[in-house]
Structure formats: C-alpha cells, structure tokens
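Q: Letter by letter, the chains look like this.
There are 2 protein chains.
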Amino acid sequence: MKRVEFFDTKITDGFWKQKQDLIRNVTVKAVYDRFYDTGRIDAFKCDKNSEIKPHFFWDSDVAKWIEGVAYLTREKREIWLEEIVDNIVDEIEKNQDPCGYFNIFFTSVEPQNRFKNRDCHELYCLGHLIEAGVAYYEATGKSKLLNLMCKYVDYVEKVFVREKSVGFTTPGHEEIELALVRLYECTKKEKYLELSKFFVDERGKRAEETIDWGEFSYNQSHKPVREQETAEGHAVRAVYLYCAMADLALKYKDDALKNACEKIFDNIINKRMYITGGIGSSHMGEAFTVDYDLSNLFAYTESCAALGLILFANRMLLLDNDSKYSDTVERALYNGFLSSTSLDGRSFFYTNPLEILPQLYTRDVSVLEKNYLKLPVTQRQEVFGCSCCPPNIVRFIPSIGNLLYTYDEDTIYVHQFMQSVAKIKIGDDVYEIEQKTSYPYDGKIDITVKGGSIKLAVRVPYWHSGNLENVTKGYAYSDINENSNTVHLDYDMTPRFVYANPNVISDSCKCAVISGPIVYCMEGHDNKGHLRNIVLDTNGKISKGFDEKLGVPTLKIDAITRAECDMLYSFSQGKYENTTAHLIPYFAFANRGESEMQVWHSYKI
Amino acid sequence: MKRVEFFDTKITDGFWKQKQDLIRNVTVKAVYDRFYDTGRIDAFKCDKNSEIKPHFFWDSDVAKWIEGVAYLTREKREIWLEEIVDNIVDEIEKNQDPCGYFNIFFTSVEPQNRFKNRDCHELYCLGHLIEAGVAYYEATGKSKLLNLMCKYVDYVEKVFVREKSVGFTTPGHEEIELALVRLYECTKKEKYLELSKFFVDERGKRAEETIDWGEFSYNQSHKPVREQETAEGHAVRAVYLYCAMADLALKYKDDALKNACEKIFDNIINKRMYITGGIGSSHMGEAFTVDYDLSNLFAYTESCAALGLILFANRMLLLDNDSKYSDTVERALYNGFLSSTSLDGRSFFYTNPLEILPQLYTRDVSVLEKNYLKLPVTQRQEVFGCSCCPPNIVRFIPSIGNLLYTYDEDTIYVHQFMQSVAKIKIGDDVYEIEQKTSYPYDGKIDITVKGGSIKLAVRVPYWHSGNLENVTKGYAYSDINENSNTVHLDYDMTPRFVYANPNVISDSCKCAVISGPIVYCMEGHDNKGHLRNIVLDTNGKISKGFDEKLGVPTLKIDAITRAECDMLYSFSQGKYENTTAHLIPYFAFANRGESEMQVWHSYKI
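Line order of the protein sequences matches chains P and S. So for the first sequence, the working numbering puts the first residue at 3; every next one is plus one. So for the second sequence, the working numbering puts the first residue at 3; every next one is plus one.
Isolated chain P (complex conformation):
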C-alpha cells in the first residue's frame, strides 16, 4: 500500500481550502512574527553575546515553520518566505560545527554539554531540521539545508552507533526516527533507514536511560518497543515514536513492530482517547495516564499530540486498510487538532480542554499562585514559551492532502473527504480522482475517477447510520470503469448523542453530541446559566442552524435547566424550566472571549 502524497492532490474549495488559505495569508506570517519577536529567528546567528538565551528546542520550532513554508511553496511560491528560510539556512551553514553538529543552544551557550543530557532535545531538533531540509529541497530544489543535515546525521551515526561516545543511546524526545525514514525516502540511502531502526530498536533496553524527574515510561523507555502494548508517557513523544515504528514495520516488513503498533493503537482508541481525538490526559508529564482517565476539566490533550495521532493513524493505513485508523484521523482532525487554532488563524491552544469553568480560575483568590491546579488556559495565545504547536499547524494544513488516498495495485482507498482533485500513478496508469463535497458540513460526496478501470474503496464513517453494500473493515468497495466512474455517497449527518464507557467517570450520566465528524460543544456565550445545569432531552427536538458571526453550523436541542434560587441547600429540586441548548462545533470554541464551555452534557435519564 502506498500513499498519494499531498503534492499530487489539490484542495480546490470548501472547508479545507479556506483553512489552507488562512495558513498562507495569515498564520505563516503570524507565527513568524512571534518567532521573530521572541528571538527564535536571530537565535540561528548563534551569537554568544545575545541578550536572549535560546532554548534547546528552538531549532525545532523554526524547523517546523520552514517545513510549512516548503509545503506552501510547493503549491505556489512565496518569495519573501523563501528569503527568510534561505537566510536561516545560511546561518545554520555558518554556525554548523565542522563535525556536522548544530543546535542553537548548545552551539552558542553550552558547547561543552553536547549530547550529554538525553532530555535536551538535540536529536529531536535534528529530526525536525531533517524534515525541513527534505521538504524544502523537494519544494524548491534547494539542497543546502538537506546537505547540512545529512552531514549532521552522519556525525550522529558516528558518535551514537559506531563510537558510542555520547552520553546516552536513544533520544529523550522522539522525532528523529521518523525523520530519518523521510531522509531515506528522499536520498534512498539505506544508512538513514538503519539509523532510524537503531534508535527504535535500542529504546527501552537500558535501565539508565531515564530522565531526572520522570519514570522510564515518560519517554517510552520502560521496555523494548516491540513489547509495548499500551500508550505510555509523554503523548507527543509517544505518537512520534509510534509513527516511526509504523514506518519501519512497513519498510522492514517487521511483524513484531506492526503488532506492537496495532496493540498500542487499540489501547489509545479504546481506552485513552477523548471523543475529540485528544490524547494525553495529564499535564504531569503531558502524558497518557491510565485507562479511562479522561478528565474534561483537566484534559491536557496537547494540539501536537492530536496531530501526532493523526500522523500515526494515517501511517497505520499503509499496514492495514481498516477504517478504525481513518476514522481516528478524522476524529482528531476535525476536533482535537482543529480546536488548536483560532478561527482567524492567529492564536493557538497548546492544550485543548473539554470543559472550561472560568470561575475556577478565581477560586484560589487568597494566594498568589493561581495556576496551581494547572487548569488549561481558556483563551488561545499568539505564542507561548514552548511553542511547538503553532508551527506544527503551519506545516500540517498545507500538506493535508496526505490524508486523502492510499492505493495498491488494483484499488484506490479513499480515507478523507475534501473538495479536491488528485493524480494517482499506479504502475503505468494515471488516474484522476475528483471529490465534490461540502464536507464536513454535508454528507454528500461525489467521487469521480478517470483513467480506466480500478476498484475504489471508500471509508464509511463510524458515525454514518445507514447500511452500505460491499463493506469490508469499514470501506465500501465498488468497481470503477468507463461506464460507471462516479460514486455518489450520502452519509447521514443527523446529529447523534454519544455516550462514554461507564468506566469514564468524568462522563458519567453525560452525553456528547456529534453531527458527522464534528463534535459539538456548548459555550456560555450562547446559553444562560451554568452549562452543567442544562439537561438535554435526547428524545426532544434537534434543529440545525448557522452562526453567521463564527461562520459555523449550530445545533439547537430541547433541554431543561434549573431555575435560580436563594438557598444553598434545599429539599426541593426547584423548578426545571424548558430551555433550548445552543451548541457550536467544538473546534470553534473560545473565539468570543472567555466563557463556560463543555463537551459532555447532562441528559434526562
């Protein structure tokens, strides 16, 4: 099974075209400006006398932004962006150690401490610089960054594999493993694939490879990766590792790796994933915790983790065409990932809670440290100290076409639905495939394939309630030929109530509401009183609407709510009044100032 790369697809209109335009017209510059303001750009000059002390992960922030620039460039050149990138690359060239080593922090501030501390993100940064180098070369033909990074990787191979002369064996924060697979695919040099396999194989084999403040599982080093069956530790590190494991399982036909990926994936989606596709419940270690521990209020659910889950799930489709993977891509894409970015494309969430109670932020009024409970911030910010998420969004959305199709000798698999065209070369045949749809707001999708006879396998979303013919593992198979080259789909986007497993105590006696792939939420802006007092009538009336200001669809649902009263405690329930609950897509919350918000609602039992 192979992937149709984003540059062979083109999002032509609709939901994702609007998002891609926003990245190009707003976000890429907004993120650059914040990076410039915070010193991240100038930091590449490695000026030892700079007043701003760089952080050892700053390289990666900018690298991801460069990767995003590359993807934008691939569709349409933006000279001003290329100039910025070229200048940064020149600085890297200027400051790269003759041996190949480069890291803003360790080059300019602590050269004596290179590769001594496993948790200092040097290989993580290199991973992102590799991805940037590959992407920028493939987009522009400019190979300088790629070559600089190849030199660096060769040095890494020397000191980590051959000499074993460094302070640790495998990176504290995974990323280089999947980047090395990309480097291999770009350069076709086996040694890069082997280095990736080395890092993956060695992980979890050494008791000494912990970090100061955490346990082994924090960075997935608690056991060899092929023996891991549950998603553990720092969620972003975890899914980046799982991506590499899936890549290597495919490249090496490694069934043990594939098997581990499948078990871990199932553990995530059956026990440890929010309805939004968010993962990593706890701010402690930004980590997975235990099965069914999915607090809404304290949800950590980092944007990068949702994105990483998309990348992992999308890779699993190359190992097994099962809609549990593409459904998960969709779930995270339209909810836990998309919520990361404001509708205007300028500000971002690092964490994406499923409930916000602004009054809790004022509860510890008597003491100074108000953020002690680590409640997530209630409003998106333009930049943050650890600003990994914004550039991740910049690189992901322009390359979102990567999610659409895979193929093998005789079948094209359609995983996601976007108004788009694509070219797919299978053997000597070239197919043109077009999707016409208003997805995700309408379930009608027309898929036309030109170029000859082939099988088409189209995902049937888990939320579609009708029956289709010829469905295997969540894909409806049909034959495309000259007489019949269009498949007409009409997935049912009637709003549905969702109930969590009884073991998810945070969702006990509560329901969520989805319409198609989109999880809805209530915001205080649209609803009177405390949201927790609103009790949905799951047998009542539901109507669809549209919020002109936000530009998103809405739902109105029959409900009851308790009237205000004076007593703190009383023997009467008080009056339950009829009301109408107003819901908006979860991804659109927090675009109108601070307010209560919740995804899980009480309902009449």
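Among the clues, some could well be false.
A pair counts as met if it fits within one copy or between any two copies, since identical chains are not told apart.
To be verified - No farther apart than 25 Å at their CA atoms in a straight line, the calculated lysine-lysine pairs in the DSS-like style are these: (1) K606 with K546; (2) K273 with K530; (3) K577 with K273; (4) K191 with K225; (5) K19 with K530; (6) K31 with K452.
Quick caveat, the hints were computed from the structure, so don't treat them as lab data.
Here the structure of chain P is known, so what remains is to put chain S in place on it, guided by the hints.
A: Below, chain S without anything else, positioned relative to chain P:
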C-alpha cells in the same frame, strides 16, 4: 444569654457517651503516643542539641492535648495523664525565659528570632497554652501552667501594646484572641480582655502585615474586622478570629462587631459551606475561596475548620437565639467534624473530601510527583506533620456538653440533643434538666426540667418536616411548671433528598441524602461499579437498615446504573439496570480501606 458549661452537664449514654468513652479509653493515649514518637513531648525540654528539630507550632498540638486531659479529668481523674501534664508544665517552667517568653522552637533553636515573623505561630501557641492552663487549673486546681502563661501574657502585653518593640502587630494565626477572653473569665482581670480587644481591633489596619506568600485576606488582614462581610482566607484562622469577635461583641456589647459576625456567618452558611458543615474549599492557603466554589473531589474542609465553625456558631447563640446557629453546629458536628476520626478513635483526617475516586491517585503514573493535584488522602492517618486536628478532637468531645444549653433570666434554650443530665443555676434557682433520646438515630427526645417554673425553648431542626406551635427563630417555646415538666419531641428523621443551589456547579444535577442531622454517602464497598454511574430514583423506595460491622445505620435507595460495555464511545446509552444504592453515614466513611465515596449523587431527572 449565658452558656451552661460542659462540667454542669453529663452525657449519660448513647451516641456521645460512646464517643466520650472512646476519647478516654483510646484516643487520648493514641494521640499522646504519636506525639511522643514524633518528639513533641520531649521537645518541651528545649534541648538545643536534640536531633529532632521542633516545629514552631508544636506547643499548640500538645497544649490542645493538655486541654483535653483537663476536660477528661474534670469528669474523672486519670492520674497517669496528670503526671504527664505535670511533667510538661515543669519543663515549661524550667525553660521559660525570665521575661515570660516561651516557645519550643524559638527557645531552643532560634532565640534571636522571637516575635520577628508574623507567621511563626508564637501567639497562636500561646493562645492554646492559655486555654490549656485555664482548663487544667479549673479541672485540677493546679495553677502552675496558668500562672506561667499569665506571666507570658503580661510580657506580650508589654512588647506588643506598650513598647511596640516586636516585628508585627497582630498574630498571623489567630487563637490568642479567644484564649485571652477565657483567661479573663478565669482570672477576672480586665487587662486580658483588653489585650484580646487590642489584637482584634488592630487587625487589618496595616498594609505591611501580610505574610510572604499570601495576600492580606489569607489571615483576615485585608480590612478592619468590623468592615469584613465575607469569610476569607485560611479557614481555621478565620473561624478562630470570628469566635473572638463574637466573644468581644458580647463582652463589650459591640454592635459593629456583632454585625460583622452576623454578615460573615451568613456568608458562610449561604455561600461557602459544604453540606457537611465543612468549610475552606481549597488546599491553597487552606482557605475559603469564592461563593459557591464547593468542589467535592478537591474539598479541603479541614477538620479543625469544621470544629472552629461549631465554636463560632455556638458563640453566636449567646448574641441571638436563632436556630441557624444551632443547626449549623449540628450540621458540622455530625458530619464534617465527626468524619475526622476513625470509628476506632485511633486515626484522623486533616481534610474531609466529599468525593473520593481512588483511581485518580494512580493517574499520574508516568511521573514521580503523584500528589501534585493535592487530592485529599483517602484514609485516615495516626499522625501527620501538621497534627493540629487530633488534639482538637481530644479537647472538644469531652467538653461537648458546652453545646447543649444557654439560658437567660426566664428561659432555658435547648440547642443540641444528647442523652444527658444537667444542672442550671439561674439566679438563685437550680434546675435539673434531663434529655432521654437515641439521637441522632431517632428523633424522639423527652426533656424533663425539675426545679420550678421556667420557659423552655427547644430547637426545631431545619430538616424536621412537621409543624410545631410557638416557634420563633427556629425554637419551639413551652412553659415548664410542676404540672407539666416534660416536653416530648418527635422529630421526623425520614430520609430526605437535598439539592444544592444551581450555582454550585460541583453539585449540578445531583442530590445528597440526609436522615435527621446525618449526611449519608455511598462507598464503593457497598455498591457495584463506579458510584458516579448510580442514578438515584428520588421517587423510589427508601429503607433503613443497620450495618453491624460499622455499627451505624444505613439507607437503601432504589436506583438505576449503567451496565458495563466494551466501547469507549457509543451511540447507545447502553442498558440501565435496576439496582439498590447502599448508603452509610458520611462520618463513617473510610473505615474499611480505600474505596470510592461520594456525597452527591446523580438522580433521575
């Protein structure tokens, strides 16, 4: 209005006799043993070379224990306890500075830092030593400790009032204010009352009187006390201050103080008190927070704060005979205070949460610092670092008769119900009053008054659903004379469902259950599955039972609960199965090992 002191009452049988026996036979020694083990007793030797460094609040822990010994002694001498106390008093005498100053920590470790840091509890410790001295003198006639403390107080008066030669003006932790009133009552020396008034009057007048890490309100110094209208800051400090304010309002007929007390009290019971009578919602500053912020899971609700609320409310009855005060005494007494102690009298809660979810304690498995969220401990402990609560229990329960009666010229007011006898001298008349009752498990109370004609005012508890005649401010008035000297009461203890104000978002769509004064809870031990999934049928059957092992009454309530299922998220609510919810008194929770527990339950809406 005057109080009938505990030593003029005698609990003769039933619930509180059993508790008092437990203190005498078990708790007083258990607490002493732990204090001895931890070095608190030997610390009075003030050995500069001791390996164990004392804490600056240790004096107060032992002082409260001495006070408890005094109250036990008052009823029946325990020579071994007196010997311990006498030895401690000898050590205090030996180590007291010639000027009068004494504090274990500052005498032995940092003599140079006396009275420099407002938050170092020296005056708080002195307050408890005063109370111990008064109590021990009144119980045994031994005046040594009392005299030592009078000398210390005289020194305090000199350096704080006359010389103003110390580092602050009013104590960081209140307690000495109410103790000085007691000292005045014992010695009849006005200067002690005046010193109390000085500390109360000066509080909140100085901007510089904050502590390092908190805001002014932390120790009620945000404004002059007569201007305070809400309960703020550290809950124990707060209620100890309010006790002194109520005392001084009475002694000085100070209406401004009385008015502040009333406003603060109303703020507590109408906005900031748990159904258990627990106060102080947040572990941050062990403090009151904002109105309606009453998280069950993160409830701090220190045992000493519930006790302090009892002491405050009981004092308010001397200013205004309103059952809101005695109802609050009862609420805190049978619930938030009583939960502090294990049924075997050997271990204690510092905090008393209203919900326990043991699985949350394992959620941060990937990192070391598991207690970061400051979830309360789930099981009582024999001693803790800040062990203020256990000796508070030791001194309170033997003196619980203080809660029963007040009187004025022509009326005896009956506030609490316990199987007991009492003598009340009003003018030249001596009345004998006897209560026969199985309270709090049965609402039948027979009150017999001998000694002549008088009016009897008996509290009608807020939870009683019937109507009584001649009720004013929650008290039923009747005439006692030779022909009719017994009042027969039969308060309705039918279990009732309680609903919180809609602004208490932690209790949204939930109900609590009480029977008489007792709040009930569910424990995992008695109920299958997660408690949060159990939905009570408030129109269903409720039956009373008895748990032989725990020795407490129980309730069984019709309910439904969701059946187990595999899916993490599904479109079906799944099956709701009929079940029976088993409840026990809240005060009896956590006596059978760790388990889920909740006070607020979902109910069929």
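Q: Next step is simple, just say for each hint if it's right about the structure.
A: Hint check results:
no., hint, in the structure
1, K606 with K546, "within (21 Å within a copy, 28 Å between copies)"
2, K273 with K530, "between (34 Å within a copy, 21 Å between copies)"
3, K577 with K273, "between (38 Å within a copy, 20 Å between copies)"
4, K191 with K225, "neither (29 Å within a copy, 74 Å between copies)"
5, K19 with K530, "neither (35 Å within a copy, 51 Å between copies)"
6, K31 with K452, "neither (38 Å within a copy, 90 Å between copies)"
When the structure is compared with the earlier hints, violations turn up for hints 4, 5, 6 and for no others.
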